[in-house]
Amino acid sequence: SQTIHQWPATLVQPVGSPLSLECTVEGTSNPNLYWYRQAAGRGLQLLFYSVGIGQISSEVPQNLSASRPQDRQFILSSKKLLLSDSGFYLCAWAGGLGTEAFFGQGTRLTVV
Amino acid sequence: GENVEQHPSTLSVQEGDSAVIKCTYSDSASNYFPWYKQELGKRPQLIIDIRSNVGEKKDQRIAVTLNKTAKHFSLHITETQPEDSAVYFCAASSVNQGGKLIFGQGTELSVKP
Numbered sequence: 498s499q500t501i502h503q504w505p506a507t508l509v510q511p512v513g514s515p516l517s518l519e520c521t522v523e524g525t526s527n528p529n530l531y532w533y534r535q536a537a538g539r540g541l542q543l544l545f546y547s548v549g550i551g552q553i554s555s556e557v558p559q560n561l562s563a564s565r566p567q568d569r570q571f572i573l574s575s576k577k578l579l580l581s582d583s584g585f586y587l588c589a590w591a592g593g594l595g596t597e598a599f600f601g602q603g604t605r606l607t608v609v
Numbered sequence: 372g373e374n375v376e377q378h379p380s381t382l383s384v385q386e387g388d389s390a391v392i393k394c395t396y397s398d399s400a401s402n403y404f405p406w407y408k409q410e411l412g413k414r415p416q417l418i419i420d421i422r423s424n425v426g427e428k429k430d431q432r433i434a435v436t437l438n439k440t441a442k443h444f445s446l447h448i449t450e451t452q453p454e455d456s457a458v459y460f461c462a463a464s465s466v467n468q469g470g471k472l473i474f475g476q477g478t479e480l481s482v483k484p
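In order, the protein sequences belong to chains A and B. The first sequence runs 498 to 609 under this note's numbering. The second sequence runs 372 to 484 under this note's numbering.
Hint data in this document are derived by calculation from the structure and do not stem from the laboratory. Check each hint, because a few of them may be wrong.
[What the hints assert, rightly or not] Below, a list of computed lysine-lysine pairs in the DSSO-like style, where the Cα atoms sit at most 30 Å apart:
1. 577/A / 483/B
2. 483/B / 439/B
3. 576/A / 429/B
4. 408/B / 429/B
5. 429/B / 483/B
6. 408/B / 393/B
For clarity, every value in this text was computed on a predicted model and none was experimentally measured.
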């Protein structure tokens, strides 16, 4: 069966520090991968979307970047965190176009 | 790109009443419409979905309807129970935009016993 792992679960980082969040999927190949951010207002904002290795679509201008070094690995990064980067970050995978997305457990990031 | 609007942002009902959440989408090529439930501090999980070739789908107490002409779809929960209290999200996916899922802003449903 397919599983998705996302870590860490919580993270407190100072302003200006770097960030690296990792997400891996098991039990499937060539998944579509997503990074979403959920701020206090509850909405799920799509940050990055990937349909294959090295193919990443950035959905909003921001202080973050994403990489997909392997088929089932998706990394969210920042060189210098801002206070506004605080939020709940969710990784998700889907088996193809127009199919259910499965979410990881999320990372609660607090920038102080 | 696709834009999904969801209403209301909060909804409070008495146990046993029905709840309805509505969403509209902008991309007429959207063909997949899932609904997710997110309990406090947890990940969103799919509760029901519908494709553009179907007008209605039902699963026990929940149902979803789709009006392609008007570009809106709705979630209906009947005989609500306290455990239905959560945030609900609609989403839309369009082949024109690579099939990515765009979510609505969420509805916080509170079911009062």
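Hints versus structure:
The straight-line distance between the Cα atoms of residue 577/A and residue 483/B is roughly 44 Å, outside the 30 Å bound, and the hint therefore fails. Distance restraint check for residue 483/B and residue 439/B: the Cα-Cα separation of roughly 33 Å exceeds the 30 Å cut-off, and the hinted pair is therefore not satisfied. Under the criterion of a C-alpha separation no larger than 30 Å, the hint pairing residue 576/A with residue 429/B is inconsistent with the structure, at around 47 Å. Between the alpha carbons of residue 408/B and residue 429/B the distance comes to roughly 16 Å, so the proposed pair stays at or under 30 Å and holds.
A hinted pair counts as satisfied when its Cα atoms are at most 30 Å apart, and residue 429/B with residue 483/B qualifies at roughly 24 Å. As the CA atoms of residue 408/B and residue 393/B are separated by approximately 14 Å, the hinted pair is consistent with the 30 Å bound.
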